[in-house]
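Engineer: Sequence:
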Amino acid sequence: MENHLVDFDKIAWVESAIGIRHKSFKKDGKTIKLIELSDTYCYKDWCTRGHISYILEGKFTVKFENHTEIFNTGDIVFIPSGKKHIAMVEKGNRLKMISFDI
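Everything in the sequence shown is counted per our numbering, starting at 1 for the first residue and increasing by one.
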């Protein structure tokens, strides 16, 4: 029988940069990530990948070319592919979210 459970407890954390770590589940060309960002995370370049994310804990700010938005626990974030953005976590805060690349 095929298993359809994504069990992040069995997946190791990967620290991909200062202030960010994630667990990735990949299947059939799709990726689901459990992501943690701390206030030490600092990404200098624009990201243009698309994301759908659900905020499990915390809050963060996303800077777009012409405006800034703040997202909180329980929010669902939809950023289309090609939309330039940079995520930021305020001093003293931490963020945990589930993210689906699109």
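Do not rely on the hints blindly, as some may be mistaken.
[Claimed, not checked] 20 angstroms max Cα-Cα, derived EDC-like pairs, lysine to aspartate or glutamate: (1) K27 - D101; (2) K33 - E15; (3) K27 - E57; (4) K44 - E2; (5) K83 - D101.
In short, the hints are calculated from the structure, not lab data. Bear in mind that the values here come from a model prediction, so they are computed numbers and not experimental data.
Engineer: Determine for every hint whether it applies to the structure shown.
Structural biologist: Verification of the supplied hints:
no.: 1; hint: K27 - D101; in the structure: 12 angstroms, holds
no.: 2; hint: K33 - E15; in the structure: 13 angstroms, holds
no.: 3; hint: K27 - E57; in the structure: 25 angstroms, violated
no.: 4; hint: K44 - E2; in the structure: 41 angstroms, violated
no.: 5; hint: K83 - D101; in the structure: 13 angstroms, holds
This entry does not satisfy hints 3, 4, going by the numbered hints stated previously.
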